[in-house]
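Turn these sequences into a full structure, and let the hints steer you where they fit.
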Amino acid sequence: MTPTLGVCYYPEHWPEAQWAEDAARMVETGITWVRIGEFAWSLMEPTPDVMDWGWLDRAISVLGGVGLKVVLGTPTATPPRWMLDRHPDMLAHDAAGNPRKFGSRRHYCFSHAGYRSECRRIARLMAERYGRNPHVHAWQTDNEFACHDTTISYSPAAAEAFRDWLAQRYQSTDALNRAWGNVFWSMSYDDWAQIDPPNLTVTEANHPHQLDFKRFSSDQVVAFNRLQCDEIRAHTDAPIIHNFMGRETSFDHFAVSRDLDITSWDSYPIGFLSDRIEETPDFKARFLKQGHPDNQAFHHDIYRACGAMRAGDVPANGRWWVMEQQPGPVNWAPWNPAPLPGMCRLWAWEAIAHGAECVSYFRWRQAPFAQEQMHAGLMRPDNQPAPALAEAAQVAREIAGIGDITAAPAPVGLVLDYDSIWAWEAQPQGADFHGFDLAFDAYRALRRAGQSVDILHPDTADLSGYKLVLAPGLLKIRPALGAALEAFSGIALIGPRTDTKTTELSIPTPMGPNVADMDVTVSLTESLPPIASEPLEQGRFIRWFEHLEGTAPVLLKTAAGQPAIMGGAHLRYLAGWPDHETFARIIRDLCAQAGLVAEDLPDGLRIRDTAEHRFVFNYAAHPVDWNGTTVPAAGVIWQPL
Amino acid sequence: MTPTLGVCYYPEHWPEAQWAEDAARMVETGITWVRIGEFAWSLMEPTPDVMDWGWLDRAISVLGGVGLKVVLGTPTATPPRWMLDRHPDMLAHDAAGNPRKFGSRRHYCFSHAGYRSECRRIARLMAERYGRNPHVHAWQTDNEFACHDTTISYSPAAAEAFRDWLAQRYQSTDALNRAWGNVFWSMSYDDWAQIDPPNLTVTEANHPHQLDFKRFSSDQVVAFNRLQCDEIRAHTDAPIIHNFMGRETSFDHFAVSRDLDITSWDSYPIGFLSDRIEETPDFKARFLKQGHPDNQAFHHDIYRACGAMRAGDVPANGRWWVMEQQPGPVNWAPWNPAPLPGMCRLWAWEAIAHGAECVSYFRWRQAPFAQEQMHAGLMRPDNQPAPALAEAAQVAREIAGIGDITAAPAPVGLVLDYDSIWAWEAQPQGADFHGFDLAFDAYRALRRAGQSVDILHPDTADLSGYKLVLAPGLLKIRPALGAALEAFSGIALIGPRTDTKTTELSIPTPMGPNVADMDVTVSLTESLPPIASEPLEQGRFIRWFEHLEGTAPVLLKTAAGQPAIMGGAHLRYLAGWPDHETFARIIRDLCAQAGLVAEDLPDGLRIRDTAEHRFVFNYAAHPVDWNGTTVPAAGVIWQPL
Amino acid sequence: MTPTLGVCYYPEHWPEAQWAEDAARMVETGITWVRIGEFAWSLMEPTPDVMDWGWLDRAISVLGGVGLKVVLGTPTATPPRWMLDRHPDMLAHDAAGNPRKFGSRRHYCFSHAGYRSECRRIARLMAERYGRNPHVHAWQTDNEFACHDTTISYSPAAAEAFRDWLAQRYQSTDALNRAWGNVFWSMSYDDWAQIDPPNLTVTEANHPHQLDFKRFSSDQVVAFNRLQCDEIRAHTDAPIIHNFMGRETSFDHFAVSRDLDITSWDSYPIGFLSDRIEETPDFKARFLKQGHPDNQAFHHDIYRACGAMRAGDVPANGRWWVMEQQPGPVNWAPWNPAPLPGMCRLWAWEAIAHGAECVSYFRWRQAPFAQEQMHAGLMRPDNQPAPALAEAAQVAREIAGIGDITAAPAPVGLVLDYDSIWAWEAQPQGADFHGFDLAFDAYRALRRAGQSVDILHPDTADLSGYKLVLAPGLLKIRPALGAALEAFSGIALIGPRTDTKTTELSIPTPMGPNVADMDVTVSLTESLPPIASEPLEQGRFIRWFEHLEGTAPVLLKTAAGQPAIMGGAHLRYLAGWPDHETFARIIRDLCAQAGLVAEDLPDGLRIRDTAEHRFVFNYAAHPVDWNGTTVPAAGVIWQPL
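Residue numbers (numbering that gives the first Met the number 0), protein chains in the order written: chain G, 0 to 640; chain Y, 0 to 640; chain X, 0 to 640.
Read the hints as simulated data drawn from the structure, not as lab findings.
These numbers were taken from a predicted model, which means no experiment stands behind them.
A virtual CB, placed ideally from N, CA and C, is assigned to each residue, including glycine.
Mixed in with the good hints, there may be bad ones.
[Unchecked claim] Using C-beta positions, here's what the derived DEER-type ranges look like:
| no. | chain 1 | residue 1 | chain 2 | residue 2 | range |
| --- | --- | --- | --- | --- | --- |
| 1 | Y | Asp190 | X | Glu277 | 26 to 36 angstroms |
| 2 | X | Ala389 | Y | Lys556 | 20 to 30 angstroms |
| 3 | Y | Ala284 | G | Ala568 | 31 to 41 angstroms |
| 4 | X | Gln193 | G | Glu15 | 50 to 60 angstroms |
| 5 | Y | Gly96 | X | Ala284 | 38 to 48 angstroms |
Now the structure itself:
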């Protein structure tokens, strides 16, 4: 595969006279793909049912005319103002019950049947018109599902759809009452109409009530996306993409991906580290202008796995892009510094090393108006080059020189399960128990050990390609994975919290984990505040510590002599949440036992192998030595394997 | 008196086949009492007016059959879902005006007449059926009044009842306007219907408006409880109990207790220290798995005093229980560590030393489902013993061996007044002036000095049994207590803030305190942020410092020479909020002057005297020496007096 | 000019029998002015349309009879309860859409036409009755516009008025769409009725939408005030005043001042430092009982400039008062310590040195009831003198001895623009970019250099009187000021962020600043979190750093060699937000270059020159030496110039 570059472009924001010059300069920069259209509903349909395709026809023609390949987006994230006159109740409601009003974007409830019809209609009209357009080589549905916390809605439409969803799932309120344990506080229902979304309750709603509402809400996103995919696919053979976000777990990305040919995500490394990753001030200062060294890679691997869902292929072969790549300071984080020179190149190469088919910068030219006017582009608002333009051009030249890049299956697998993340949100038990962070901490430890990693779906049935598999924090090990673990000849480390609940978030009897024939039981659970930890023989658990019982061998002990890891040659249970140092040591030991070469990389240096090369990335602001080669600050090197 | 143990049990959560085995094991553990029924309304009355008593008859029979004494709870904290169809407006409203919905518990407004009728009905039906049942030896009303901030409701029902309450209190709006000082900002009313609850005002509502709403809300709790007591008492001679909470001051516990034969409270030492007590991180880490060494004792003494209200007896003779004793990790604090081995024994013995008739563990077996599934019990969800079971059994054996335990009147009294706590909530003047914390700080200083303490009602008319009395932060010294102070032959220390306001939260003329013939006046008040303090000759005031005038002798001075304590041989005024060290020194000096032996105990060690024994409790995680005897970590010893 | 003292008094709060004694004691204290009436609507009009002027007639007569001059306030900040029956929809709505209810004050929406009529009516009735009263020497409109965040209202009345305002401003929705850049996210409108206030949007509303709502809201305050002024002026020649607040920027104080003869503000130094100024804990502890040494002076200079608006005079000649001067502890800050002895004198003299015609203490006697009962007065609630009374009397004696005090034009000007403050609120880009704080930091640096400062309106057309002018953070340099800067022969320092946007908050082409012929362009903007900064050759930028391009000379560089200040002999651009030390050094250098003597004063010592004297103020709690003279703690000295 030869990776490509892309860019996001908004012809509707600029004079038509400028389009040709923009297109020529994109080509000159080495750009192949251009994404357009995803916020332009009010331009396509200025008044209800009166379409204006002329400008879009011409824009596609101008861009395609110089050889650019168009990704055409459905504009359903930005319904025009007139849509609210047609569907006054289409807005999502917040947890306090207030409608979330018009005036920005994503002002719709996924459950609203009327708005769904409108979305199907606009997708069909676009697909009919452009499905066979020779310049339209890919499609994007909507834009950043869930952005601005929009997955969850407490609107009347959502409440009604939730009741239907529950009725289909449980068939009778008696079954629902049993599944949820509603006998507990006389919470039983005898009519579906009695059930509300779990907001505004006196104290926390029953955990399965919360969890089912999250599952329902995720399913609504899946259904919403599928409607558009179905319409588009009827008229084109071009692949369908959606641009996911980072650190967004409110819907099941695997499930949405089953309807997509290619996945993609929007990568804003600096904003994420500043705003959405918990780290020490010192760490944040050290990587202020580079982003977290593991966050991008983690998402690359997640979306590569998602990209394999539709084809049913192994994670390594998943098709995926970076649809939006940060090109400079953004507008939306609390503070918005500029990337270190070199980072706009490094980020692109890192995506490519993880298998991206395309890295698309957001956006071509900084808009001088509206909400994102302080968001940099490859060009400045005055049409001068911004610093990232030269870095993008450099990447394009380097791609041309490097030859083929082929994904290599990773030796390590890490199971990620959205359903479990929701379960622990519903029932954290410790205020800082976040399922996604637990998986990320495992990933960080693997990266520090120099490992390339495949993310695994929780229903993965075949682990035979892996030497080491981690499955932290899974609500339940479901049958396929359970069988795969039983048959696994490498080393699998599960826990903490793995397989300690039923699907409906109750405690099973016998108490878990009940995986394969491992005789380990979590007999008592402690969550630990930041002021405390559970010391181990070496290192310590933070946040979470489970007391284990059973006959399985104890492989690591706490300082007080309790089990910290129990299990056998192939399947082991981890009884707590190790801090970074402890997790790194545990992973190095496991790698050694699994026959993997384990590094202990400094936190700025990361490596990733393709079939042809080892890529070395230096996120640090100073040069770092790698086996005798100097990797410059914010630099990347590659060596043939 | 011989103390007993109890346990909370939910037969409706378990197969009927298991009841007998459970009952037998309770007896084997040494348990006497079993509380049941308090959340089971939907089981007792599955559909409106169709009662199903069969399961409860059988449960009582099984439990009573092996000799257990049943405490039967009214289920009014958990109205079934159908209740909302009968009374759609029965929900409490939050401060933003939103109804607090069904889906957990306590979803009712205390002021709703329709729901009150339903509660009277279910209490009557239960009392009629079980009032003379030979196994039902006590009753509990509702469950944890105020839990989840439910005392205050801004519902239409509450607004209407508040207007009635005001009309009864003031008789005319003119009188109300005068009492509240409504002339101040043209806030006068001329019709009761014009008066709303004090929420959503542009800036803070008038302080007496806020205070009266708190008084009204407390009175609604009293009335709600009384309705049930009246119904139950008509059909039984068994004592009536309610299970109060810790650090809960939103209603007057003395007033509710006037309708109870026995008070009780639910003691969760670890959750409280983690979540509800302001302390340094170091202190919280030190007592993470033990709880605050003074918090339980303070509440024991408070509820012992409450338990004397109905009989009109002295505080020392109050009848009280611990209705729910933490048995392991709970589910509701931000983090939930496990108790140190020994603490489930220590807590029980501490309650007994303070006069508890019964210590009842919550709950028998951890529920595997619903909101509290992560809350430990004496048994695990898989019916194996949890760690606390053995400790409970040990306490039972020790009780059997120790002989009679008789309450001894304490030599020190501490006045606690809910009305004053509300007054300072309405008008804190310093953001961290909490009346309950001020009383607790006084109590801590007394405990550090090794004193046993009686909590005194603000209308206490006889202080003759005490050598030392403290009355910090009383809105007003009312006539009975004023007379008692005037006649007092020990030493009384009042202030800060004591008797500086009228009943309606205005400033009196002459300015206070106006107690006995003490010539002291608070001429100016300063509140101090955490970054500042007022240094004394020795020690310092934090949070609060009053400038005193008058002819009374100055007994302690600030570093700048202003009075810090003024007064005479028997009655003295404290001009500020001493920090812990300073308070401890002041109390030691007072004890010496009052003829009491003052210790200076380390913060983990606490003592409590009954008529027969001195009990020594070690909350520390390491052994501590007590006069040559080693008290083990998390241990308790007793010595004959 | 001979300055005077005043006091705020509420005859309606006290028995009529006490008025004469109060009046006599005011005169004895040396007080000239007495403000009354501003909260007494329910006394003036106890029932709708039934006026009761008797008590007010008598109060004015008693006060005036002993020679006091009355300032009479319109009571429109406290509409009586019956007003809500007439105008049930007159309340402001908060951002969540809830009405802000009766029960305190300022319970009205500025946009409500019905309530505006009522205010015009009461103002007319008062003016008709008292406009020619010989004792009424000045008028006050309403009280503290904006207090309790009341400028912004999201009520239906505000929404409707906002649409009208937009229609007048833009004339067509197409023009509005273009100005706001609504094409961006399909946010275009085609009917005014579609436009809502910018609350409850899914993510942030478009910045110009937010900015226009702030402009509209400010205009509503201007119009509300003007209605009353017009009514009053028709019946009197006495000057009209409004009492503004400190650190309040939600409306344009210059614009409101165009309708006022005299401006005034309410100065509460201790509450402000505690609650509303971001500073280190150490700084706050150091000035706990004195207030921020620069905050009062800054506001004095702002309101002196406002006071010149109606006359169109230079800022130095603006007429202004302190209408409310803190006399002791207040009630409204989180903590409320007492002023250091001497401060109630120092604050008054500082106001006088900055040109105040009158310093009026709030209030005569502490009210024993209602919301402000813990707010000190010159007298205690028991009618004894409070500490400030003697200090006020001392100021009165000193005024009598000092002779004439004449304002002197300052050599330094600082441009302050409310519109820019709103623009950066709408689009901060860095979470701590506050336009008012940026101006205050510039002012602090100037004060530390010992400079007297005039605050300049952003349309100032003549800078010829100044040697040094600062214009930090102006959205846009408008034509008049641009021309004045072009003609300026002193040194002007603009930036950061100055002239980088259009009036409608877009980015101009060419990119700014576009001032005079300075060839400087802000090519890229970085905001910096507190954990980071941009080091300079000397010092550092915090919060904000702009990359500059152009041919103008670089006068200061960053440590990395980028421009930090660029420009020529007269006009320069500052590329970031200097920390205090750096700003002080920059200002000292500029002063030296501009021919001004620059001090480097310790943070407790401040100086201010009038035509006759140099005043030296010591905010420190210890004596400080000033050129050989000792200035006592909390002291003030003056020396002839």
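Exercise for the section: May I ask which of the numbered hints given earlier this structure violates, with the numbers listed in increasing order? Expected result: 1 and 4
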